[in-house]
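J.: Each chain, written out:
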Amino acid sequence: MATEIKSDRLKTDEMIINMGPQHPATHGVLRLILKLDGEIVRHVEPVLGHLHRAQEWQGQNRTWFQYQALIDRVDYLSGMFTSWALARASEHVDGTEVPERAEYLRVLASELNRISSHLLWLGTYLIDLGALYGFPFYPFREREKILTFLEEISGQRMMFNYIRIGGVQRDPKADWFKRVEAFTKEFPERVNEYEAIVTENPIFLDRTTGVGVLPKSLAMEYGVTGPSLRASGINYDLRRFKPYSVYDKLKFDVITFDKDGDTRDRYLARVREMRQSNEIIKQVIDMIPQGDIMAKTKKQNAGLRVKAGEGFAAVESPRGVLGCYVVSNGSDKPYRFRWRNPSFSNLSVLPPLLIDRPIADVMAIFGSLDIILPDVDR
Amino acid sequence: MIANAAEIRKFTILSWGWLTIIFGLVWAVSWLVGVAIPLLLANVQADWARLVTEICQVLTPLVAVMVFIPINAMFMVLAERRALALFTVRKGPNRVGPDGFLQTLADALKLLFKEDITPRGADAFMFTLAPIIFFAPSIFGALPLLAAVTNNHNLFQVVNLPTGIFYVLAVSSVPVVGIVMGGWASNNKYSLVGALRSAAQAISYEIPLVLSIITVCLMAGTLDVVKIAEMQKGGLLNWNILGGGALSGLNKYFQALAAGQADAHQMLSQYYPDWGSVIATVVLIACTVLLVGIYLTGACAEINRIPFDLPEAESELVSGYNTEYSGIKFAIFFLAEFTNLFIVSTIATVMFLGGGDCPLPDWLNPLTNPAVTQPVGKFFSFFTDRIHLIDPSTFFPAIWVIIKVYALVFFAILVRGTLPRFRIDQLMAFGWKRLVPLSLIIFVLVTFAKGAVRLHV
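Same order as they appear, the protein sequences are chains A and B. Taking the working numbering, I'd label the letters of the first sequence as residues 751 to 1128. Taking the working numbering, I'd label the letters of the second sequence as residues -16 to 440.
For the record, the hints were derived by calculation from the structure and aren't laboratory data. Computed from a prediction, not measured in an experiment: that's the story for all the values here. Do not rely on the hints blindly, as some may be mistaken.
[As the list claims (entries may be wrong)] Here are the simulated SDA-like cross-link-like pairs (lysine to any residue), alpha carbons at most 20 Å apart as the crow flies:
| id | chain 1 | residue 1 | chain 2 | residue 2 |
| --- | --- | --- | --- | --- |
| 1 | B | K416 | A | P952 |
| 2 | B | K74 | A | R891 |
| 3 | B | K74 | A | K1083 |
| 4 | B | K74 | B | E(-10) |
| 5 | B | K74 | B | I(-9) |
| 6 | A | K999 | A | E1029 |
| 7 | A | K1083 | A | Q805 |
| 8 | B | K74 | A | R893 |
| 9 | B | K74 | A | E1029 |
| 10 | B | K416 | A | I953 |
| 11 | A | K1001 | A | Q1033 |
| 12 | B | K74 | A | Y883 |
| 13 | A | K895 | B | I(-9) |
| 14 | A | K999 | A | Q1040 |
| 15 | A | K895 | A | P922 |
[Stated by the list, open to error] Listed next, with one range per pair, are the computed distances between beta-carbon atoms:
| id | chain 1 | residue 1 | chain 2 | residue 2 | range |
| --- | --- | --- | --- | --- | --- |
| 16 | A | V797 | B | I100 | 23 to 33 Å |
| 17 | A | A804 | B | I100 | 46 to 56 Å |
| 18 | B | E98 | A | Q772 | 49 to 59 Å |
| 19 | A | Q906 | B | E98 | 33 to 43 Å |
| 20 | A | Q772 | B | I115 | 50 to 60 Å |
| 21 | B | M49 | A | E943 | 39 to 49 Å |
| 22 | A | G1041 | B | K93 | 53 to 63 Å |
| 23 | A | K928 | B | E98 | 48 to 58 Å |
| 24 | A | R803 | B | M49 | 33 to 43 Å |
All C-beta atoms, glycine included, are put in the ideal place defined by N, C-alpha and C.
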């Protein structure tokens, strides 16, 4: 006599888990309200704002000069890019001509910063996948070298405040370029090392292939940008699509994939982007001209002003399109700021990716989007 | 070129220092309780003296294990941290004591004096009982192995069981009860998920683990760990990892060749009479090598180590079943985890790697050559014959066991430093769809191949 098992009789209650804000793997203070059916996630609700510091409001209550230093804190892994977006927007309002050497130095410093950001992502992503103790330290070895380079030119390891309105803060010494060049020569070897450990690792493949597939249409709807978008097959990189600074003079590939990107594609996109950034750095060191590093019209003290007007500028940060909208009334304080942060849009795509995935994939997918929480909350 | 040779040297010194302390201490304590007190009381003609002697002899193994477990866990934690630092070009803990020698001692003291928190809404009784249930089996489970690793020394014969390995396996499946209890009683959802994962995982991976051990027992024809270890004596070719003793005929042949015996070739045809036996030998070697792999995989899952550390999966479940534990209770969980790692490595050593056997066969081994052993033995005769501090028939096997076991522990650390974690569905699929059928197939193959060749001749 066969007994029939009805599926609804096996159904159990759903369990609500608050993942975060204090959780070792949420990269800061994100709170995810997960409804779990056993191990399967049925509903996700991200709760933002635990790190809200009113960065835009703070900008309106500080002088231009003060705010320049503050804005590095928004995306603490890629401070160069926030300063650059602010500088570009202000220069756009102002009509300032930036000296060419300064533009090259900006590219150089930013691409170094992009590599260091991706390296940190690589290490922490493997932690998200459970390789807690071994691999994550290897990328930090190279990141340490980059941070030392950036410290030499800016005086800070992470909150650089190097790119200023009108140019850059200081000119590196001649032997600095030589050391950076030596680093760029050995760096591809290091990336090969990482790939040897990770890319074809069977457990890594199991955990990432086909996990968190982000279709093109979904990515477009939610405004995902950066490597995550390019891994989903959309060739959109501001450096190529709308070249700013001196990027139109540099040769590099925009890493895109043909199909809808899964977690592994996003990993590959970032790893290949590091190699491209390395190529850009090599070219910049060859091409960099002599000259001024700061526009003559700009002061480097509290007297820094921007002419009245409004403008928007965006740069391609390691996480995507980082935009800055500025309104100036000509006084020593900005009138209004508005930031377009890539992490915010990238995070918003998380719930549709997580539905009906096991709880272990929450971190695998969340990590692969490369989100910086202060960048989300500002 | 080795980038951090200095660190490797420090690590080696530190490991050998700790090992000397651990095993010196265990040795001294077992000698004190098992030999010295009975020796002192040997001339006392009184009932109480006989009673004390008997009690001491029964208690020796227990005292040895109780002394061993906490110090060993302290060493293993330190060794793990230092070894992982080596793999990742760091320095690791190197501040407390010379080169971080006492780091884990300080950590243990800190944990002892930390506040012992029971979360609100937790079942306090169960919450306290869980670490005890988790820890106790690692004491009792280790006991029968003690006889095997000391070459059946008469101090430890008392703990030997005819069904030794069966008992060890039965006891080693108890800790999961402690995990589930702890996870359930914590009143924490992460703990609960971790505990349930642990139960599922332990049940799934126990099957291939037990099947691989049973296959070895099938080849050996006994469940007695001492007998299994004794069978494998006589060098690498006799060990269970290479065909479960199918190569011991070859070993005998090499010995005869080395001794210059004229009828050596006859010996070969005596042990391997036909092609069937040769094929069976090859099959057995393939099977046993796979069995070691299955055993180590299953053991890794059984003791929740990376890549199978899902019950505590730090990046998903905070700390899994022990999220809410602090202070001494957490220390006990920690202690038991590392002791379990040691125990599964010991089982692997006894069952597959020849126990206390030297990889070199006797006729190649200078340590068993009478020209060497007699003068050395005379030199140490005071220790061996007068006060019975050292028993050579136990001393050298014990050293080989230590080397093999810690080599396996080091391997586990290396794995931990390399691999990411499985997901629960992949873990289950890997267990039930790959390991269980594979171990069953090997079991059947061994059953047939075993009849075609003489094992452990």
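J.: With reference to the structure, classify each hint as holding or not holding.
T.: Tested hints:
no.: 1; hint: B:K416 x A:P952; verdict: 16 Å, holds
no.: 2; hint: B:K74 x A:R891; verdict: 13 Å, holds
no.: 3; hint: B:K74 x A:K1083; verdict: 48 Å, violated
no.: 4; hint: B:K74 x B:E(-10); verdict: 7 Å, holds
no.: 5; hint: B:K74 x B:I(-9); verdict: 10 Å, holds
no.: 6; hint: A:K999 x A:E1029; verdict: 13 Å, holds
no.: 7; hint: A:K1083 x A:Q805; verdict: 14 Å, holds
no.: 8; hint: B:K74 x A:R893; verdict: 18 Å, holds
no.: 9; hint: B:K74 x A:E1029; verdict: 33 Å, violated
no.: 10; hint: B:K416 x A:I953; verdict: 16 Å, holds
no.: 11; hint: A:K1001 x A:Q1033; verdict: 8 Å, holds
no.: 12; hint: B:K74 x A:Y883; verdict: 13 Å, holds
no.: 13; hint: A:K895 x B:I(-9); verdict: 24 Å, violated
no.: 14; hint: A:K999 x A:Q1040; verdict: 17 Å, holds
no.: 15; hint: A:K895 x A:P922; verdict: 16 Å, holds
no.: 16; hint: A:V797 x B:I100: 23 to 33 Å; verdict: 27 Å, holds
no.: 17; hint: A:A804 x B:I100: 46 to 56 Å; verdict: 36 Å, violated
no.: 18; hint: B:E98 x A:Q772: 49 to 59 Å; verdict: 19 Å, violated
no.: 19; hint: A:Q906 x B:E98: 33 to 43 Å; verdict: 39 Å, holds
no.: 20; hint: A:Q772 x B:I115: 50 to 60 Å; verdict: 29 Å, violated
no.: 21; hint: B:M49 x A:E943: 39 to 49 Å; verdict: 45 Å, holds
no.: 22; hint: A:G1041 x B:K93: 53 to 63 Å; verdict: 59 Å, holds
no.: 23; hint: A:K928 x B:E98: 48 to 58 Å; verdict: 56 Å, holds
no.: 24; hint: A:R803 x B:M49: 33 to 43 Å; verdict: 55 Å, violated
The structure fails to meet hints 3, 9, 13, 17, 18, 20, 24 from the earlier list, while all remaining hints are met.
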